[in-house]
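As they're listed, the protein sequences go chains W, H and G.
No gaps in the numbering here: position 249 of the first sequence is 249 in the working numbering, and each next residue is one more.
Each position in the second sequence, counted from 1, maps to that position plus 393 in the working numbering.
Each position in the third sequence, counted from 1, maps to that position plus 786 in the working numbering.
It is worth saying that the hints were derived from the structure and are not from the lab.
Some hints here could point you the wrong way.
Claimed, not checked - Covered stretches of chain H, going by a simulated chain G footprint (3 or more residues, C-beta under 8 Å): (1) 424-430; (2) 475-485; (3) 503-515; (4) 602-615.
Nothing here was measured: the structure is a model prediction, and the numbers come from that model.
Backbone N, C-alpha and C fix where the C-beta goes; we use that ideal spot for every residue, glycine too.
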Amino acid sequence: MDTEDRIEKFADLRLENLYESDFLLTWDRTDEEIEGVLAVADMLKALRENNRSTRIFSSGLAVSIFRDKSTRTRFSFASASNLLGLAVSELDETKSQISHGETVRETANMISFLTEVIGIRDDMYIGEGHSYMKMVSDAVREGFSERILPQLPMIVNLQCDIDHPTQTMADLMHLVHYFGGIEKLRGKKLVMSWAYSPSYGKPLSVPQGIIGLLTRFGMNVVLAHPEGYGLIPEVMTIAGEQSGKSGGRFEVTGSMEDAFRDAHVVYPKSWAPYHIMEKRTELLKARDMKGLEALEADCLENNKSYVEWECTQRLMKSTKDALYLHCLPADISGVSCERGEVEASVFDRFRTATYSQAGYKPYIIAAAIYLSKVKDPVSKMKELLYSGDRRVM
Amino acid sequence: MDTEDRIEKFADLRLENLYESDFLLTWDRTDEEIEGVLAVADMLKALRENNRSTRIFSSGLAVSIFRDKSTRTRFSFASASNLLGLAVSELDETKSQISHGETVRETANMISFLTEVIGIRDDMYIGEGHSYMKMVSDAVREGFSERILPQLPMIVNLQCDIDHPTQTMADLMHLVHYFGGIEKLRGKKLVMSWAYSPSYGKPLSVPQGIIGLLTRFGMNVVLAHPEGYGLIPEVMTIAGEQSGKSGGRFEVTGSMEDAFRDAHVVYPKSWAPYHIMEKRTELLKARDMKGLEALEADCLENNKSYVEWECTQRLMKSTKDALYLHCLPADISGVSCERGEVEASVFDRFRTATYSQAGYKPYIIAAAIYLSKVKDPVSKMKELLYSGDRRVM
Amino acid sequence: MDTEDRIEKFADLRLENLYESDFLLTWDRTDEEIEGVLAVADMLKALRENNRSTRIFSSGLAVSIFRDKSTRTRFSFASASNLLGLAVSELDETKSQISHGETVRETANMISFLTEVIGIRDDMYIGEGHSYMKMVSDAVREGFSERILPQLPMIVNLQCDIDHPTQTMADLMHLVHYFGGIEKLRGKKLVMSWAYSPSYGKPLSVPQGIIGLLTRFGMNVVLAHPEGYGLIPEVMTIAGEQSGKSGGRFEVTGSMEDAFRDAHVVYPKSWAPYHIMEKRTELLKARDMKGLEALEADCLENNKSYVEWECTQRLMKSTKDALYLHCLPADISGVSCERGEVEASVFDRFRTATYSQAGYKPYIIAAAIYLSKVKDPVSKMKELLYSGDRRVM
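Okay, chain W solo, but in the shape it has when bound:
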């Protein structure tokens, strides 16, 4: 499909509610809106590959707030911002600081006078990340309505405690390209499985985001994890409801082996148990450092009981020649750790695929910004296509 045809198809989607809106959770958006983000991402990618300029701003800031270390998300956001003509400014916050409302309100406005978008990553503490993003959003909306800010900065969730929408939409885009269309996902079995890792406290936002997004397209989504590694109940409910509506299935199992059988897609990845993450937030708020250390030791000890949860060649053979997904970096057995999430031979076979999967993210982020910022996204896309402005001049 060429870009003109894409624009025509894209013009049929109802996307007006994305305008001047944040992007925080995929399940707050309609199916058409999700498809719209993917469509714009595809078109921006095609424009760039055909050396069209995709600048829509001649000036403006894109502020990033990373309350946790990050390389790939940082570069994805920088790339997306640059693609649209925005300059990145990073707000350097003290790590692991639980924020107070007053300070958030003030800082949010102070960094936003000429800011078009604020990208936030805050995934460390259950009950904190999403609510922090909403505080920032409320603050700049208030600032805009009181004419303190001449434009409304959009908030884009670059990973919170609940969801990781730009990751999971990039994952979805990868699946759509792999299977040849979003409608081809119907009936495919996708396994989101816990896997062993020797590290502690990996966020729950990827598995939650995956079951919260991929249950919408008629897939048979299976969540597999050992006892005690469940996810936030609200997201489980959403996944179940969406699955029913979309004509797919959503199951939970305690066996990685059962889950992998006849799967078309597998996503084996470690995460911390929900109740541990909750306890961690409490201890942190109480500044109980000893308690935190003890919790970490407990949790790692507990993980060890499930060292067999590894994505092996043997398991992969039981699938229907499944595609392996990972948000990277993966804990590869014998490479990045002794025992980890995936056997080296499995990872090696899918390395290129996982890199390509990651490569969609800058365009997904750019698309989410584009749809929040551009009032008439169809006309603007035609303008970009026909203007003749080159990226490499």
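Fit chains H and G to the known structure of chain W by using the hints.
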């Protein structure tokens, strides 16, 4: 007044001495030059709000040197630079390092080969910040005259030990908008008052900058502080002289209560005593860490005697419905600290106003850069207005 | 020579192998390619000085990886990137971390989805820097060939353990301007001499880079150092071979005095002994911190035997009114240290010259990027010259 009229009025001002000049202290500039900065700030703001591009550079660096932590000034400078088309590069210097001439000269040139402006914040040590800026300025002027540098980087003071010109010009811009014109300031009573804070070592540059700027427009400026919290004598002299010339008044009082009576504008803010700040510089130079700790304890103890210096509802009632100013962040009693500079109920009422006050700063910084960089500021402004280049394309 | 004549002359050079190529070692490039980089640097400089825009990208990232502290190289790279229209993103890596292949491969791709150039400085460990750059290069070439990356990022060596090509080409450009042409270098005596410094572990890449580049143009290159301060044998061999081919001479001497006699150019600079640097890498890999400390003490003690190796007025008098070179910062006796590489009176006389020398570097880096990125560098240069796009608009 629309932008065209503004340009006409602006064309009458004598601004040629701002060209290729630094912006270090407001009292080194004429009234017309101060008005010129405000006029350009207003026009850049209007252009941006009408979606005109204000890029005057297609390439060039804006270097920032923050020798002290900063969020709002950092983003103001980033915003201003971006507005004009410059890319920010930060020079990361070790904090609290007293610089030596040779190193400053070399570094200043090494970061300036393609640099249009250097924004510096260095406010921690009395006798250091301003002289550091002059060293940098001398170095790049020498470099330019010796043809090492193909353009002369302008130095803009983002806060030194003596003055904080971009803050106080933003404050002035706020007052001009609030009262409806610079001539409306005449006869208004403005109080720059010390206020209690549980923190140590706040710079003197804001109160000094305020009395050094606002005594020029016929206002009745009152400086209020407890004994021992005086400002640099030179600035006091300047304030007195300017006040006389402008037909206003400049008074100093030891009573916050007296000061507030019938005031039109109040600026209650904490700062460290001048002699403490002087002693601090000496101890620092001698690397006397024990002495520094003792000094801090002394100073905080001393502050406690003046915990009653708080901007309360009761005090505000004695004013002529005064406008409350603050450069933010304020120490709000019961919010950011137990007892602080201002009662929460007072701050709440003026929160939006203080945020708007801060919002002028990016435009003030951009205007200062613009007037130093653009030889014919009137023609260029007309070009920006009529070119039709859009900011959001 | 005006820019048009320069372009004509430049059109005769064979530069096609620079296209889509990295710039890692000068001796991997032909004489014409080196001349090509200098010619483009000159033209970009002239264009900028004549207020022509030299943007060749409307979007794209320039990633910098500094595995060692840096001010001047950081700003040179930022300036060069900005000059061509690229936005800089810095990858913050833990210092002194010896990298593993798998991680490098993944990270290299993750930061490169929209990246045009990766500038790397990694000069601390013998056997590490150059091989790290090749790992990054291999990784992105593989990523490009597998269509993970839509463009091939170029790697530019901003200093490795073997060579410092952008420094030495800037040095060469300085000499060409000083003597009035590259052919004027023939027969001139250039001394690359070790000099005393009270600091430890300065990289060998500058002396190696100098003998590896300047032996190509018919100069008489003399390398002078105390016993035990030899360079990597491979580079010594290359220098000898090149020297023979170019009709110049390459000699090594153990006497600074002998070396300076009748010299036209002197480059006195400290570096660590090769065998110490090798041992350091071993100890580091073994995480032997005590061993590293002992090695440093040994090395500094050893240096002290050669405190007389200082560039003095007396020595300078024995030269043919030689030009003094330094890559800065120099250890100036009585200024930055008690005894150092150069007497203050010598440095003072050449300060402006050394600053100018440094000033070529941004253009050299930009030229190296330009020639790797632009398929038809002659036509593009004409476009930049005649387009009429201004830098200061």
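Results of checking the hints against the structure:
no., hint, verdict
1, 424-430, "violated (count 0)"
2, 475-485, "holds (count 4)"
3, 503-515, "holds (count 5)"
4, 602-615, "violated (count 0)"
The structure fails to meet hints 1, 4 from the earlier list, while all remaining hints are met.
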